[in-house]
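Protein chains in written order, with UniProt numbering: chain A, 1 to 337; chain B, 1 to 337; chain C, 1 to 327; chain D, 1 to 327.
Note that these hints are calculated values from the structure, not bench results. None of these values were measured; they are calculated from a predicted model. Hints are supplied without guarantee of correctness; some may be wrong.
Said to hold, decoys possible - Away from chain C, derived, C-beta distances all over 12 Å, residues of chain A: (1) Glu21; (2) Gln22; (3) Glu149; (4) Ile283; (5) Ile304.
Claimed, not checked - Derived contacts from chain D toward chain A, CB cut-off under 7 Å, selection only: (6) Ala59; (7) Gly65; (8) Gly69; (9) Ala70; (10) Tyr73; (11) Leu75; (12) Ser96; (13) Tyr103; (14) Ser105; (15) Gly107; (16) Asp108; (17) Gly142; (18) Glu165; (19) Asp166.
For every residue, glycine included, the Cβ atom is placed at its ideal position computed from N, Cα and C.
The primary structure of each chain is shown beneath.
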Amino acid sequence: MGDSGTSQIENKHNKLGLSDEQVLNMYRDMLLVRKIDERTWILNRSGKLPFVLSCQGQEAAQIGAAYALDKNKDYLCPYYRDAGVVIVFGMTAKDLMLNSFARAEDPNSGGRQMPGHFGGKKYRILSGSSPVTTQVPHAVGLALAGRLEGKDHVTFVSFGEGSSNQGDFHEGANFAGVHKLPVIFFCENNKYAISVPYSKQVACNSIADRAIGYGFPGISIDGSDVLEVYKVTKEAADRARKGEGPTLIEARCFRYMPHSSDDDDRTYRPEGEVAEEKKQDPIHQFTHYLKEVGVLNEEKEKEILKWVTKEIDEATEYAENAPSPAPEDTLKHIYAE
Amino acid sequence: MGDSGTSQIENKHNKLGLSDEQVLNMYRDMLLVRKIDERTWILNRSGKLPFVLSCQGQEAAQIGAAYALDKNKDYLCPYYRDAGVVIVFGMTAKDLMLNSFARAEDPNSGGRQMPGHFGGKKYRILSGSSPVTTQVPHAVGLALAGRLEGKDHVTFVSFGEGSSNQGDFHEGANFAGVHKLPVIFFCENNKYAISVPYSKQVACNSIADRAIGYGFPGISIDGSDVLEVYKVTKEAADRARKGEGPTLIEARCFRYMPHSSDDDDRTYRPEGEVAEEKKQDPIHQFTHYLKEVGVLNEEKEKEILKWVTKEIDEATEYAENAPSPAPEDTLKHIYAE
Amino acid sequence: MTIISYIEAINQAMREEMARDHKVFVLGEDVGLKGGVFKATQGLYEEFGEARVMDTPLAESAIAGVAIGAAAYGLRPIAEIQFADFIMPAVNQIVSEAAKMRYRSNGDWNCPLVIRAPYGGGVHGGLYHSQCVEAMFCNIPGLKVVAPSTPYDAKGLLISAIRDEDPVLFFEHKRCYRFIKGEVPDIEYIVPIGKADVKRKGEDITVITYGLTLHFALQAAEKLEKDGYSAHILDLRTLYPLDKESIVEAARKTGKVLIVHEDNKEGGIGGEVAGIIAEECLYELDAPLKRLCGPDVPATPYNGVMERFFMLNPDKVYKAMAELAAF
Amino acid sequence: MTIISYIEAINQAMREEMARDHKVFVLGEDVGLKGGVFKATQGLYEEFGEARVMDTPLAESAIAGVAIGAAAYGLRPIAEIQFADFIMPAVNQIVSEAAKMRYRSNGDWNCPLVIRAPYGGGVHGGLYHSQCVEAMFCNIPGLKVVAPSTPYDAKGLLISAIRDEDPVLFFEHKRCYRFIKGEVPDIEYIVPIGKADVKRKGEDITVITYGLTLHFALQAAEKLEKDGYSAHILDLRTLYPLDKESIVEAARKTGKVLIVHEDNKEGGIGGEVAGIIAEECLYELDAPLKRLCGPDVPATPYNGVMERFFMLNPDKVYKAMAELAAF
Ligand SMILES: Cc1ncc(C[n+]2csc(CCOP(=O)(O)OP(=O)(O)O)c2C)c(N)n1
Ligand SMILES: Cc1ncc(C[n+]2csc(CCOP(=O)(O)OP(=O)(O)O)c2C)c(N)n1
Ligand SMILES: [Mg+2]
Ligand SMILES: [Mg+2]
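The shape of chain A in the complex, shown without the other chains (with noise of 0.2 Å):
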């Protein structure tokens, strides 16, 4: 099933004018969040991490797009299911995993906050909190003060599907839309908000049929197509710079997971769901289209697994054994000092 070398199909990327170094960085990347994720699942089995948020099922969309941002001067506004979108933006590792252990030197939060809270001005990733959706009028804010500072960055925020259902989402898409600012709004539609299915959390087909009632484009993709997902937040972000405004953009993706650790997904998910689902898994999508065309063999795929592999024993031995905050520290910092 195509681990030959010669392509049999058609050559998406260059086409789309990225390179096999790219391709090969954005499987790297995408393969790298899959498996700190399921790390932190074996860590939190074993009692080692009180809490994990997951991504698995999402690492197309979350690098696809993040891809096609210019991660030396635009803004993120992620949300806690993100890992894939900050580890582009320069996020390593080691800073989720001490994220994960919620130690002194996590850079999201100093170990204030629960894992996928992320965070880090010098990656211009705005630290984000709980309550879900309050992000999206702070990517609007951020793309208004760029526009008032003469910048041409373009702001990306993230959220749920469940999350779109949110006043926030409403008012933040609608400012955006009046002063055609440059926010790309993407939805990771993984079809359930914890344990309440798609059907009960909206009535319309594509969270993208938002768009039009604040007076911008809103498309629907295949989120578990990497390559697909860079193509549209592109022209996105194109847009955005050129000063036409805001993108609302619905991926469609998987949960693979249950919500959290906390969660036991057996007692209202159908039998069988994710089994069905994990046959478009996207990095076996990307895996197969990267060999189909050429650029990724057997060798290259163990030799990338290896050094994920490393990276993660790496960040998860030091941050296993990175310092917590002293205790007083949790005095620090309600206002300036």
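Model the placement of chains B, C and D with the ligands on the given structure of chain A, informed by the hints.
Chains B, C and D with the ligands alone, transformed into the frame defined by chain A:
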């Protein structure tokens, strides 16, 4: 210009199932709320009423919609300009004047709320507040309650176009869409939110464009054509009652007066705009139509005007002389007594 | 009497009231098939069906607002806010609408609505799954705010809240859910809203508290007993409007008052309790009034070391009690 | 020194700061062409242009949230909430986001944001254009809450708020806007956030207050002077975090304390002030602490008779002061 008794134009109302008497009642109600409104401005300018909120330019939308409902079972969540809606559901000129004068007998709030904050259990008008759009989820709740109790009432909720930007609009509409609840979302788009024009409030062509994001129909109509409003609202009510779910209606209206008696619209409205819009005055249009189809003539018109004037004179006189609440009444009705 | 957990008590209250009155229904995020993220609504979906145990879209302002509409109609919704931290998007509906519906309509309309929300720290929830948000709502006439600390009170108060003609915010301490067990009558009973409760009688110092910290105070009192001091412990139970008489009576009882709560000190309920005492029985105090509360930081961090620093515990409470007793 | 009104002081502060620092900008409903419903932003649109004086869509959560994003970027937004009553939809953004941004990011990000909101009654605004909502925000570490009572303080504090590195809620009493005039220096000055101010020195009783009621207390003090008692009057100015030292010092000064505020009594700022005094200088009090506040009803009704019943006034304050002085 059409004051002959012979019909020059198509009889629209009979086609809609409205009798001549019904349209005359509609006409009378439109005139009544217009004239009450005019009177309150005079009372304001002469120092007798501290505050006025106006419905001038929106009468056709309000009366047309309200006539399409079943006033013996449907529920209303109106907004502060909806004198025309509540009049149809049973409020009298006296009630409205008692409200304006903030008298103890005011059936809406016993003098506690500003004018235009309607409410009355016996009319099934849920008490409204000042923060805009909060009534939208309430309407959804009233509809849900009806479904749970096996009732077939429809809930009608109205709001301005600016107010459709509040999160509560989004959350309420989405909830109703998911559960296919019998709610009519009625946006009276008068193109201004105080001083802020439509173009700075929203970027969509019509507020009705928002409906698709909630999975139900959205329709934009000429809110100055009372029969058109009746027709479309009736269809929405029929659909709702049949279990086919909500409808969003945008009625394009005019705001002939400043936002309120505290506002001076000359600072932000282009000169001549109102004069231009008055050429499409909904009451003149309807008068014209009724005369053309031979339902109204000079004599009848005078008679109705006379009745309206008398109603308002009596209501004003009564309300002006009605007592205020006792000071200590301030302490009543915080909790069940 | 049967011994059950705090969360079972809450579950029972809902089940029994739903069985008694068809107007009672539950709505919230994940309350249906999943039975709630804490399992507070477990079994209700199966027993009463989807229509009365409703999974809502992820939108708290709608949850509150829809419940208000249904309550105004005459139903008795119990809305679950998944974590008290997430009540913030619903503040406008709660404060501007539910609380003022009766007043603004001159008594014509009312809102017999319960909003349940798990609050408090000590569960590795970090900044946004641990907050004590109750103080924010204890200045809003028209609302009632309840925060039980035992299974008995939780069940009895929740039944009262459901039957109440006005909106009740019902705060459930997450740490109490499975940690606290206690006796609950096998027959129907209620606990009245608005009444504090003496959970321990004593002569030397008075501790006024609620929620999880009540249990810390009770434990600390045992230890203090060995030092020769007896503590009188008042559980506020209802945080708004406060039971002024019981507070004054408890303060008078010993003349030495320690107020304890997990919430931040400044602006917490303790201020109002102190205000009542300072106005009503200042001359009967034998020591300055003391407050032991959470530090004035936004919430407890996720990291365990920091969480322990933030949270009160029986030791910290004991120290404050011993100090006051020795004054 | 020039004599200007309270609202002119606010307008001046914004104008001068916008001229000084291009990072300062204004956003809100009707703040542009119309110059605000109270005219607080009058002239700014003409002077600084549409981009920096931005009419927003009618959505308070977005106003706050967009301002947070812009502030995090490094700009200095001044967001106007048209009436303090309408801050409720923005509570989530203010409490969960602005207040916690610095803390949750371990000091990496911050929010130098000002939210201005006209509050208070006495202007025929009825239930939803009259509320005192400040207490709700005086339990939120990470926020600062300011409520000036004079043009001097209004201008100096607003400038401080704009330059502050953290989010500041700036509550302006509507009745003070045109009713209160006072001297303001012609040269640049600031008033520090976090410091209360003795507005009148006296020996017999201490009044602690803020906002409109400060003026009632000052008037009442004149009358009390004729009865032979002198009142010491402390203006809190900053409501959160409170200036504990000044409160304790003022309480000590006379040993008789009256706390006055327009907001409802239960859960108002007065409770916390009482708590501080009861903890810090209980033994120095010569009379029970007293509070004179708005009644515990949702807000002032629209009807004038009821509004007068609800609102404090110099007479009511005088009576309470005289009673305490005579104690
Ligand atoms: C305001 C708010 N309400 C509730 C929650 C609890 N909660 C956390 S995630 C979640 C579901 C989110 O679903 P979705 O937006 O689809 O994102 P997904 O987790 O599926 O990626 C809920 C209800 C929250 N974090 N914030
Ligand atoms: C939450 C909230 N914010 C602000 C206001 C102040 N306000 C009252 S009416 C209004 C404009 C409403 O415009 P629109 O929705 O278009 O209705 P219209 O008055 O034009 O009929 C504003 C800003 C309010 N009442 N509530
Ligand atoms: Mg989802
Ligand atoms: Mg309008």
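Consistency of the hints with the structure:
1. No beta-carbon of chain C comes within 12 Å of the beta-carbon of glutamate 21 of chain A; the shortest separation is about 38 Å.
2. The Cβ of glutamine 22 of chain A sits about 36 Å from the closest Cβ of chain C, beyond the 12 Å cut-off, so the non-interface label holds.
3. Here glutamate 149 of chain A stays apart from chain C, with its beta-carbon at least about 29 Å from theirs, past the 12 Å limit.
4. Every Cβ of chain C is farther than 12 Å from the Cβ of isoleucine 283 of chain A; the closest lies at roughly 28 Å, confirming the non-interface assignment.
5. Non-interface call for isoleucine 304 of chain A relative to chain C: holds, since the shortest CB-CB distance, roughly 32 Å, exceeds 12 Å.
6. At its closest, the beta carbon of alanine 59 of chain D sits 4 Å from a beta carbon of chain A; the interface hint therefore holds under the 7 Å criterion.
7. Hint on glycine 65 of chain D holds. Least Cβ distance to chain A is approximately 2 Å, under the 7 Å limit.
8. Hint status for glycine 69 of chain D relative to chain A: holds, with the closest Cβ pair at about 2 Å, below 7 Å.
9. Proximity of alanine 70 of chain D to chain A holds as hinted, the smallest CB-CB distance being about 4 Å (cut-off 7 Å).
10. Because the beta carbon of tyrosine 73 of chain D sits about 4 Å from the nearest beta carbon in chain A, less than 7 Å, this interface hint is met.
11. Satisfaction of the interface hint for leucine 75 of chain D is found here, the shortest Cβ-Cβ separation to chain A being roughly 5 Å, below the 7 Å cut-off.
12. For serine 96 of chain D, the interface hint holds, the least distance from its beta-carbon to any beta-carbon of chain A being 5 Å, beneath 7 Å.
13. The interface hint given for tyrosine 103 of chain D is met, as the beta carbon of that residue sits about 5 Å from the closest beta carbon of chain A, less than 7 Å.
14. Contact between serine 105 of chain D and chain A, as hinted, is supported at the beta carbon level, the nearest pair being about 4 Å apart and thus within 7 Å.
15. Look at glycine 107 of chain D: its Cβ gets to within about 4 Å of chain A, closer than 7 Å, so that hint holds up.
16. Taken as an interface hint, aspartate 108 of chain D checks out: its beta carbon lies about 5 Å from the nearest beta carbon of chain A, inside 7 Å.
17. The interface hint given for glycine 142 of chain D holds, since its Cβ lies 6 Å from the closest Cβ of chain A, which is under the 7 Å cut-off.
18. Hint on glutamate 165 of chain D holds. Least Cβ distance to chain A is approximately 4 Å, under the 7 Å limit.
19. For aspartate 166 of chain D, the suggested interface contact is upheld, since its CB lies about 5 Å from the closest CB of chain A, less than 7 Å.
Consistency with the previously given hints is maintained throughout, with no hint failing.
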